[in-house]
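Visitor: Order-wise, the sequence lines are chains A and B.
Just so we're aligned, residue 1025 is where the first sequence starts under my numbering, counting upward by one.
Just so we're aligned, residue 97 is where the second sequence starts under my numbering, counting upward by one.
No lab work stands behind these hints, which were simulated from the structure alone.
Here the structure is a predicted model, which means the values were calculated and not measured.
A virtual CB, placed ideally from N, CA and C, is assigned to each residue, including glycine.
The reader is advised that the hints may include incorrect statements.
[To be verified] Selected chain B positions facing chain A (in silico; Cβ < 10 Å): (1) 301; (2) 381; (3) 382; (4) 397; (5) 405; (6) 426; (7) 431.
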Amino acid sequence: MFAYVVRRLWQTVPTLLGVVLLVFFLFNSVGGDPAYLLAGKISNPEQIENIRRQLGVDRPYYVQLGIFIQQIATGNFGASWSTNEKVSEILATRLGPSLTVLVPMLVIQTLLAVAAAMLVAYVRGSLTDRMVMIACTVGQSVSILVYIIVFQYVLAYQLGWFPVQGWGDNLAENLFKYSLLPVLVGVIVSIAPETRLYRSFFLDEINQDYVRTARAKGVGEGRVMWVHVLRNASIPIITNVMSQLPGLLTGEFLIERFFSVPGIGREVLLAVERSDFPVIKAVTIYVAIATMIVNLLTDLLYRAVDPRVQLK
Amino acid sequence: MIHAAAAGSRVPQRPESPGLWTLAWRRFGRDRVGVASFAVVLLFFALMLASGLGLVAADWSREAGVNYAPPTFVGPAAPERRLAGPESPRGDGAAAANPVDPLAGVLAEIRAGEGGKASKAEVKAPTLVFGGDRWGRDVLKKAIKGTETSMFVGLAAAALTALLGTVFGALAGYYGRWIDDFFNWFYSIFTAVPYLLLILAIAAVLNQKGTMTVILILGLTGWTGIFRLVRAEYLKHKVREYIQAADAIGASHLRRMFVHILPNVSHVVLVQLSLHVVLFIKSEVVLSFLGFGVGVDTVSWGSMLNEAQSELILGYWWQLAAATIAMAVLVTGFSLFTDALRDALDPKLK
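Let's have the full structure, built from the sequences with the hints guiding it.
Guide: Right, dumping it as structure tokens:
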């Protein structure tokens, strides 16, 4: 087990190096000279030279790459180009609001989608199943933007059930007042594709021999579905849920922007608009690291759920 | 092919057994939902071509109606409602003079170009078929133009991504060893960064808008899923007997990869291509909405939704409805078509 973890961590090194190279190439080579971006319209050659020296972009590429790796290792990405706030500070303060919205969203959507998928898989082929699947296909084809715009307009602006947007100071207020509508929209948007996906996972299991055996020895339908089938279908479900965990770190771009949640997603969008490269670089690298750690955890979790899984 | 023809000439009375594509086509024809959704997709495709060639909606930017002209089936706006609106229905010029509108300058320029022809004395219709936008442009025509943009971006980006995914997957799966390691490394890099974040990062770096830019961003980042599937197929096929036979008659590596194996895995690519069209149409809408997508003088469903957002507060719902309906119909049609395609090409899957 320990040897496995060490080996897996060692295997992430080339990938991480690749991500670093990709980000470095994107922002230092494709992006053009950042000094021109920073200097703006009113600039003269000395100013640009000055900025270039401050950023270190007048140095050879390998020195710049060295600086970048040092930044990643120490977590010190310098200051934002537009607000001069420290990047580490930005990420630390924006993570809370993102999680306040995303954690309830992920929990609710997963529970609802698993329950709904199990139900329609149980009555597969029936009218209910077909109606739900058609509703999911149509619901999935409407852009997330439309859901946000319409829900915000109808539920918050017209009916006044929720605040239109905003964010408070304490967790309880944020959780039970401001994040209600964002969570609702997020759950509604994601429930359709997830139900379809999980339904196919359940259908793969529901015709297996062990299900018939369980029924034959007199196990109740509830126990067959919730214990036997669910446990066996849980591996792909876990994969899907775990693959969404790194997304907690990037926030939900559109929802955060519309509902003025001061989270990481909104910060990234602002950074893209302002060409604030340090913020984007930092988020990209950290999320890549998080993704690799989550992938490792997922594999360990498989082992816990299914003892047949061999870690090699 | 040659063998089949030779065999056919020798035994002409024997009926030819149907091939994969014939069987798939027959299965597809029996799937009523599939055929109907295919018709919808074809209809949109024809609309895209017609709009691209300038046959329909070529004059979408003409200010045909009054500002925010309601749809004909709703009837003309009541006068007090129009006065209560934030902008008086005075026609062009004054309406655009919003100091915080970042597009005002560009749009004024565009309209100045068009405005030369459309004289100020032109009579503005009080209603339009599906309503008008802020400048009285026909929303229906905008939706058609948006269909052209969004669908073209989806198709072109999906084609690019399928090409990359297939070539990478073929090389990795066929050659194996260090080439496989290299492409897997490449794959792990692209999948380590969440899709939307990667797209946004590239958009930030390129810092230029345009249809081509969006196609490149989506096409160059989206190949990972197809790569993995194609690679797995090549791993499976390269050890089969027909490839050994091809080797024995001296077929080159490239010929074995793309002439012998590719037709046998192309159904996987086709289904994935179709899936990615839907994914990319959705992504383009989000990118254009955020302002990182197509240029300001191009209509896309995303830019329509962007305008619709502020219009809705004023009670003008038709632009939102037009973009939403157009997109929902195409995406639903395309998704059902993809499902039918998969069922037809891979009958074992169910």
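Visitor: All hints are to be evaluated individually against the structure, with a verdict given for each.
Guide: Checked hints:
1. 301: 4 Å, holds
2. 381: 5 Å, holds
3. 382: 7 Å, holds
4. 397: At about 7 Å, which falls below the 10 Å cut-off, the nearest Cβ of chain A leaves the hint on residue 397/B intact, so it holds.
5. 405: With Cβ-Cβ at 5 Å, under 10 Å, it holds.
6. 426: 8 Å, holds
7. 431: 6 Å, holds
The structure meets every hint from the earlier list without exception.
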